[in-house]
Amino acid sequence: METIKAYSSLLHSSAVSVGVASIYEDKPLLDFHHTPENLDPRGVSKIDADSVYRIGSISKAYTTLAALKLKRVGMHDPVTKYVPELRKLNKQQSENNAITTVDWDKVSLQALASHMGGMPADYFWDNFGKRPPTFAPWGNPVYSNIAFFVMSLVIERVSGQSYEEFVQKNVLDVAGMKSTTYAKPDDSVGAIGPDDIFWNTSIGILSPAGSFYSSTKDLLAFGSSILKHEFLDLPETNKWLKPVTFTSGRGQFIGAPWEIVRSNKLTSDERVVNVYTKGGDIGTYHSIFAMIPDYGIVISVLVGGPEIAGGLPLVFFSLITKALVPALEAAGKDQAKKTFAGTYINEDTNSTLVLDVDDDGPGLSITKWIVRGTDVSTHWLHYLSVLNPNVPKISLSGRLYPTDLTAGNRTEWRAMFRIGTANQIGMQEGLLFWEDASCMSWAMIDRAAYEFLGLDEMVFESEDGRAEEVELVGFKTTLKKAK
1 METIKAYSSL
11 LHSSAVSVGV
21 ASIYEDKPLL
31 DFHHTPENLD
41 PRGVSKIDAD
51 SVYRIGSISK
61 AYTTLAALKL
71 KRVGMHDPVT
81 KYVPELRKLN
91 KQQSENNAIT
101 TVDWDKVSLQ
111 ALASHMGGMP
121 ADYFWDNFGK
131 RPPTFAPWGN
141 PVYSNIAFFV
151 MSLVIERVSG
161 QSYEEFVQKN
171 VLDVAGMKST
181 TYAKPDDSVG
191 AIGPDDIFWN
201 TSIGILSPAG
211 SFYSSTKDLL
221 AFGSSILKHE
231 FLDLPETNKW
241 LKPVTFTSGR
251 GQFIGAPWEI
261 VRSNKLTSDE
271 RVVNVYTKGG
281 DIGTYHSIFA
291 MIPDYGIVIS
301 VLVGGPEIAG
311 GLPLVFFSLI
321 TKALVPALEA
331 AGKDQAKKTF
341 AGTYINEDTN
351 STLVLDVDDD
361 GPGLSITKWI
371 VRGTDVSTHW
381 LHYLSVLNPN
391 VPKISLSGRL
401 YPTDLTAGNR
411 TEWRAMFRIG
421 TANQIGMQEG
431 LLFWEDASCM
441 SWAMIDRAAY
451 EFLGLDEMVF
461 ESEDGRAEEV
471 ELVGFKTTLK
481 KAK
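When the sequence shown is numbered by full-length UniProt numbering, its final residue is 483 and no position is left out of the sequence of numbers.
Certain hints may be false.
Stated by the list, open to error - Derived pair list, reagent style DSS-like, types lysine-lysine, alpha-carbon separation capped at 30 Å:
1) K476 x K333
2) K5 x K265
3) K46 x K69
4) K322 x K106
5) K81 x K69
6) K239 x K322
Honestly, the hints are just simulated from the structure, not real lab data.
If you're wondering where the values come from, they're calculated on a predicted model, not measured in any experiment.
Work the whole structure out from these sequences, hints included.
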C-alpha cells in the first residue's frame with residue numbers, strides 16, 4: 001500500500017481511488033483516495049468512495065449480467081433467434097463464404113459475452129456486413145465491443161424495455177448502486193481532470209460495451225452482490241464465474257466477460273488462486289474490477305487524469321493482491337484451526353479422526369482416520385479397488401476440502417488422498433510434459449461408496465462458529481469433538 005500511496009503522491013492532475021471489500025465484513029478493508037492539486041472545477045474537489053469515474057469496459061459485466069437475467073433466454077441460443085435481422089448483413093457481401101461473412105446463426109449469446117463470436121471488434125454501421133469475420137465462431141477469442149451492442153439488442157427485444165431501464169432495475173438497483181449511471185451524471189459528482197474531454201464523450205451505439213460511470217463504493221457493492229448470490233443463485237453464479245476459453249498466456253483465461261488470471265505464486269503452499277477481473281479504459285480513465293471468490297474479496301481500482309497510462313490499475317491491483325492473499329490465507333488457516341481442527345472420537349464404534357491445519361496445502365490435513373478399528377488411510381485403495389485384492393502398499397496423504405454445500409449449521413466436506421511420496425510424485429510428473437500432471441483429485445471424488453453414500457463425505461455440525469461433531473456419512477458413524 002505504501003508503494004501506491006507514494007506513486008499517487010506524484011500525480012498532480014490525476015485522481016486515484018482504491019477499495020477492497022470482504023463479503024464477511026461490514027466496512028471496506030481498504031479505502032484509499034488521492035486528491036490531486038489540480039482538478040477540473042466542474043467536478044468534485046475532494047476524491048472519496050462516492051466520486052464517480054468512467055469505468056469503460058467494466059460496463060460489459062453489467063450487460064452480460066442483464067442478459068443472464070432475461071427470462072426464457074438461454075446463453076447458448078443463437079443470437080439470430082432474437083435478432084434475425086443480423087442475417088441480412090451477409091447480403092452486403094458480393095460473395096458469401098466463411099472468409100467473407102460472419103455466420104450469425106452460429107453466434108450464441110455466450111459467444112458474444114466471451115469474445116468468441118468471431119466478429120470484428122468495433123465500428124458497427126449500415127455497411128457492417130462488408131466487414132469479414134476475424135475467426136469462425138468459437139474459434140479463438142477476439143476482443144469485440146460490437147458483441148455487447150448486439151447483446152443490448154437482445155435485451156431490449158426480449159424484455160420489451162430499453163437497455164438502460166432493464167440494467168437499472170435488474171442490476172444496479174439490486175446492488176444498491178446509486179452512483180452508477182449509463183448516461184453522464186451531473187458533473188458535480190465526477191472525478192474530472194483539468195479540461196478533460198473524455199468525461200462527457202459519447203461512444204454511441206458502443207455504449208453497452210463501455211459507457212457506464214461508477215464509483216468505488218458502487219463497484220465494491222456490485223462485486224459483493226455477485227459473491228453473495230444476490231443476482232443469481234449459487235449454481236448460476238458458479239456457472240458464470242468460470243472460464244469459457246483460453247488465451248495464449250498460461251495464466252490468463254476468458255470468461256463472460258471476465259478476464260481471469262490465475263497464479264500459484266500467492267500462497268506459501270503454491271495453491272492456484274483464480275481471480276475474476278474486468279478492466280476498463282476510455283480516454284483518460286482507466287480501471288479494474290476484481291473478485292477473488294475463494295476469499296470473498298472484491299477489489300476496485302479507479303484512476304483518471306492526464307498523467308496515467310492504462311497499465312497503472314493493473315500494477316496497483318497486483319500489488320494489492322500479492323499483499324492481501326497471504327494475509328487472508330493465514331487468517332483463514334487460523335480460523336479453520338479454531339473451528340475444525342482437533343480430535344473427533346466415537347468410543348462406541350472405535351473411531352477417531354484427527355484434523356490439523358498446516359502449510360503443506362489448503363484445507364485440513366488428515367493426520368489420523370480410524371473407523372471401527374480400521375485405518376482408513378492405509379485401506380483407502382482397497383475401498384477403491386474392491387474387485388482387486390492385490391492392492392500394492394503405497395503412501396497416501398489425505399486432506400479435507402469444503403464443498404460449499406450447507407444446510408443450517410451443517411457443512412459438507414470431502415476427503416481426498418494424494419497417492420505416493422513426494423519423490424514418487426516428482427518422478428511421475430517428470431515423465432509427463434504438462435504442469436501438475438499428478439493432480440487428479442477432481443477425478444477421485446466420490447469414487448468409494450457404501451449404500452449410495454460416499455466414504456469421503458464428512459458433514460460437520462457447528463455451534464457458535466465451532467465444529468461440535470462430524471458425521472462420516474458413508475461409514476455411518478458420528479464422532480464428537482474432544483474438548
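Structure-based check of each hint:
no., hint, result
1, K476 x K333, "holds (28 Å)"
2, K5 x K265, "holds (24 Å)"
3, K46 x K69, "violated (37 Å)"
4, K322 x K106, "violated (41 Å)"
5, K81 x K69, "holds (17 Å)"
6, K239 x K322, "holds (26 Å)"
When held up to the earlier numbered hints, the structure conflicts with 3, 4 and fits the remainder.
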